[in-house]
Amino acid sequence: TINRGSQEITLALSRALGASVGDAEHIKRTIGLSSEPDNKSVKEIVSLNLDYIFSETNRVIASYERRYNRSIAKIVLTGGGTLLKGFLDLARERFQTEVVLGDPFGKTEAPAFLEPVLRTAGPEFAVAIGVALRKLQESE
Numbered sequence: 008t009i010n011r012g013s014q015e016i017t018l019a020l021s022r023a024l025g026a027s028v029g030d031a032e033h034i035k036r037t038i039g040l041s042s043e044p045d046n047k048s049v050k051e052i053v054s055l056n057l058d059y060i061f062s063e064t065n066r067v068i069a070s071y072e073r074r075y076n077r078s079i080a081k082i083v084l085t086g087g088g089t090l091l092k093g094f095l096d097l098a099r100e101r102f103q104t105e106v107v108l109g110d111p112f113g114k115t116e117a118p119a120f121l122e123p124v125l126r127t128a129g130p131e132f133a134v135a136i137g138v139a140l141r142k143l144q145e146s147e
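Residue 147, in this note's numbering, is where the sequence shown stops; the numbers in between run on with no holes.
Worth flagging that the hints you see were computed from the coordinates, not collected in a lab.
Note that beta-carbon positions come from the ideal geometry of N, C-alpha and C, so glycine has one too.
It is possible that part of the hints are untrue.
The list that follows gives simulated cross-link-like pairs (lysine-lysine, DSSO-like), each with its CA atoms no further than 30 Å apart [unchecked claim]: (1) 142 x 81; (2) 114 x 81; (3) 50 x 81; (4) 81 x 92; (5) 47 x 92; (6) 114 x 142; (7) 92 x 114; (8) 50 x 92.
Listed next, with one range per pair, are the computed distances between beta-carbon atoms [to be verified]: (9) 105 x 75: 12 to 22 Å; (10) 83 x 10: 15 to 25 Å; (11) 9 x 118: 19 to 29 Å; (12) 76 x 28: 41 to 51 Å.
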């Protein structure tokens, strides 16, 4: 289990920048891991928190691989933190394996005009969609 997520990044940005949590969330998503000089302090805060998350994830992966004598060939990321600017590229670099964003709406039907919105917002709703789909399967 990894006991940190992107909410920790938001709270760290809020404290360090003296910003509201809402403003810190906006900064996290829009600036994220941007390497522009004006954003150096934001990138440092984000990177520090992501280092922990990635290290813990690698620890969990290594434990799984040892226990089951199987290699992880693909990592599916979910959660709102995956929408952080630069996150997916960094995850691919750190994990050295195939990394994709989960698409919880991929198994649902929705009007075509909603597809771009659902694709963008999907990672944030992964748990809720998963629980709803499980309940639907149980009731069949």
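Quick rundown of the hints versus the structure:
no. : hint                 : result
1   : 142 x 81             : holds (27 Å)
2   : 114 x 81             : holds (19 Å)
3   : 50 x 81              : holds (27 Å)
4   : 81 x 92              : holds (21 Å)
5   : 47 x 92              : holds (14 Å)
6   : 114 x 142            : holds (14 Å)
7   : 92 x 114             : holds (26 Å)
8   : 50 x 92              : holds (10 Å)
9   : 105 x 75: 12 to 22 Å : holds (19 Å)
10  : 83 x 10: 15 to 25 Å  : holds (20 Å)
11  : 9 x 118: 19 to 29 Å  : violated (35 Å)
12  : 76 x 28: 41 to 51 Å  : holds (43 Å)
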